[in-house]
Amino acid sequence: MDPRLVQLAYLVSAVLFILGLKGLTRPRSAVRGNLLGACGLLVAVVVTLFGAGLDYRLIVGGLVVGTVIGAVFAIRVQMTEMPQMVALFNGFGGAASTLVAGANLVQTDSFGADTLVATALSGMIGAVTFSGSLIAWGKLKEFRQLEEIRIPAQQIVNALLVLSCVGLTVFMANGDGSTMTVVAYWGISALALLLGVTLVVSIGGADMPVVIALLNSYSGLAAAATGFVLSNTVLIISGSLVGASGLILTRIMCVAMNRSLPNVLFGTMGSSGSTLNADDVYANVKSTSAEEVAMLLEVANRVVIVPGYGMAVAQAQHTVSDLRKILVARQVEVDFAIHPVAGRMPGHMNVLLAEANVPYEALREMDEINPTMEQADVTIVLGANDVVNPLARTDPQSAIAGMPIIDADKSRTVIVIKRSLSPGFAKIPNPLFAAENTLMLFEDGRKAIQDIINALNES
Amino acid sequence: MNFLLATEPVAKLVETSTEAASTSADTVMLLLTVFVLAVFIGVEVITKIPPTLHTPLMSGSNAISGIALVGAVLAAGSGDSMLPKILGCVAVTLATINVVGGFMVTHRMLGMFRRKD
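Just so you know, the protein sequences line up as chains Y and X, in that order.
For the first sequence, our numbering assigns the number 459 to the last residue and increments by one with no breaks.
For the second sequence, our numbering assigns the number 576 to the last residue and increments by one with no breaks.
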C-alpha cells in the first residue's frame with residue numbers, strides 16, 4: 001500500500017479519536033463518541049495490517065486471544081469494580097508500549113540519539129505504568145499484604161531509581177545498537193518496574209482516584225513515546241490525547257482534595273497538628289432507627305443523598321435508587337450530592353447510580369448543590385466521611401483543612417448511615433456525626449436503606 | 460516500518476552526511492509539533508467533559524491508549540528474528556485486551572447513562 005495512503009488513514013483515525021472524545025462531553029452523544037473512537041482504532045489497525053507485508057501468524061493469535069479476554073472482562077465486570085478494571089487495563093497498555101519499543105530496538109537499524117532516547121522513555125514510562133497499575137489493582141482489591149509493605153527511605157529509593165534510569169538513558173543515547181544498548185534498555189525497564197511499585201505501594205485508598213488518573217495519563221504518554229520511536233503520528237496523537245485527559249482528571253482530583261500532586265504521591269496523610277480526640281468529639285452522638293428516619297422522610301419536601309465509597313462497598317446503589325423512586329412518587333424532591341473524589345476513581349458514584357437507573361439530572365455536583373443545602377430538610381450521608389467533614393472549613397490545623405466539602409451539616413436534619421464511628425481515610429474524627437442536627441443510623445448501608453423503605457411502605 | 464515523512468534508516472544517513480542529520484532533526488521537530496498540538500487539543504476537548512462522565516472518559520481514553528496495538532502489530536509481523544516477534548505477539552495480546560475491553564465496557568457503561576423516566 002502507498003505509505004501516503006497509510007498516513008492518510010492514520011490521520012482519519014486521529015480525527016475520529018478527537019471527535020469521539022468530543023462526543024463524551026454530553027451524555028446523549030457519548031455512546032456515539034465512544035463508537036467513533038472504536039472506529040478510529042479499527043481504521044488504524046486494519047490499515048497497519050494491510051499496509052506492509054507482514055507475517056500474520058503471530059498477529060492473528062494475539063488479536064484473537066486479546067479480543068476474547070478483553071470481551072470477557074468487559075461483559076463480566078461489575079460496576080463497583082470499574083476502578084480495578086481500568087487500573088489493570090492501564091497496565092496492559094503500558095506493558096504493550098514497553099514491549100513494542102524493546103522489539104523495535106532489536107529489529108531496527110536506525111540508531112539516532114533521538115530514537116534511542118524515545119525508546120528509553122517508552123520503556124520507562126510503560127514499565128512504571130505496568131507495575132504501578134498492578135499495585136493499584138491489588139490495592140483496590142484490598143490485598144492485605146500490600147498494605148503492610150513499607151519501603152524504607154522511600155523518597156531516596158525513588159530518587160535513586162529515577163537517576164539510574166536517566167543514567168542508562170544517557171548511556172543508550174550514545175549507543176550504537178549493540179548488545180549493550182539492548183541490555184541498557186531492559187535495565188531501564190526493570191528499574192522502572194521497581195519504581196512503579198515503590199511509587200504506588202504506599203498510596204492509600206482514598207487517594208486512589210488520583211493514582212488511577214495519573215496512571216491513565218502515563219499509559220497515554222507511553223504510547224506517545226512509542227510513537228516517537230516508530231515515527232508514527234497516530235500513536236503520538238492518541239497518546240497525547242490520553243495523556244492530557246489523565247492529567248486533567250488528576251488535577252481535578254487534587255483540587256477537590258486541596259492537595260498538591262506531590263503531596264498525594266509522596267506526602268503522608270493525617271500527620272497534622274490537630275489535637276482533636278475522637279472520644280471528646282463523639283461525646284454527644286445520637287443514634288436513630290430506620291422507623292424514625294422514615295418518619296422524618298415522610299414530612300420532608302427536599303431530600304439530599306450524599307453517597308461515598310461505602311455505598312459501593314455495601315452494593316447499596318440499587319436500594320438507594322428504590323428509595324429515591326418511592327420518595328419521588330410522594331412528591332419529595334430528591335437530589336444526589338456527588339463529591340469529585342467520592343469513590344475510588346473519577347466519576348465512580350455517577351456510574352454506580354446510573355447503573356441503578358438514577359437519572360443523571362438528579363446527580364448534582366458539589367459546587368452546584370452546596371448553596372442550596374440549607375433548604376434540604378433531610379440529608380442522608382451514605383458511606384461518605386471525610387467529604388462531609390466540617391473540620392475542613394473550621395480547623396486550619398486539620399489534615400483536610402481547606403478541602404472543599406459537601407455542606408451536609410447545613411441541612412435541617414442529617415442522617416448518617418455508617419456501621420460504626422470509625423474514621424475515614426484522613427483518620428480524623430468527624431464532628432458532623434455529633435452535631436445537634438445529626439442522627440446516626442448504625443447499620444450496613446444496603447440493609448439500612450431497605451429498612452427505611454420497609455418502614456415507609458408500612459406507614 | 461516508519462511510514463511517516465520517509466524516514467529512511469535515519470541514523471545511517473546521519474553517519475554519512477550532515478545534510479541528512481538535519482533531516483532527522485526535522486522529523487523529530489515535526490513529531491514534537493504534532494505531540495504538543497495534540498496535547499492542546501486534548502486539554503481543550505476534555506476540560507468540557509462533565510464529571511458525570513469521568514469514569515467512561517477514563518475507560519474510553521484507556522481504550523484509545525491501546526493504540527500501541529499498531530506498533531505491536533508491526534513488531535509481531537515484521538523482521539526475521541524470533542525474539543522481537545514474540546515480544547510483539549505478547550504486546551498485541553495485551554494491547555488488544557486494552558482496546559476491546561476498554562471500548563466494550565465504556566459502551567456498556569454509557570448505555571446506563573441514557574435518559575430515563
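FYI, nobody ran anything at the bench for these hints, they're computed from the structure.
This one's a predicted model, so the numbers in the text were calculated from it and none came from an experiment.
A few of these clues could be false.
Residues on chain X that point at chain Y, a partial pick, calculated with CB under 8 Å [as the list claims (entries may be wrong)]: (1) T506; (2) T514; (3) A527; (4) G538; (5) T552; (6) L553; (7) G561; (8) T565.
List of simulated lysine to aspartate or glutamate pairs, EDC-like, C-alpha gap at most 20 Å [as the list claims (entries may be wrong)]: (9) X:K507 with Y:E148; (10) Y:K22 with X:E503; (11) X:K507 with Y:E142.
Computed from the model, here is a short list of chain Y residues facing chain X with C-beta under 10 Å [as the list claims (entries may be wrong)]: (12) L194; (13) V197; (14) T198; (15) V201; (16) G204; (17) V351; (18) P390; (19) T394.
For each residue, glycine too, the CB sits at the ideal point set by N, CA and C.
Here's how the hints hold up against the structure:
no.	hint	in the structure
1	T506	holds, 6 Å
2	T514	holds, 4 Å
3	A527	holds, 4 Å
4	G538	holds, 4 Å
5	T552	holds, 4 Å
6	L553	holds, 4 Å
7	G561	holds, 6 Å
8	T565	holds, 5 Å
9	X:K507 with Y:E148	violated, 40 Å
10	Y:K22 with X:E503	holds, 10 Å
11	X:K507 with Y:E142	violated, 33 Å
12	L194	violated, 20 Å
13	V197	violated, 19 Å
14	T198	violated, 23 Å
15	V201	violated, 22 Å
16	G204	violated, 20 Å
17	V351	holds, 4 Å
18	P390	violated, 23 Å
19	T394	violated, 26 Å
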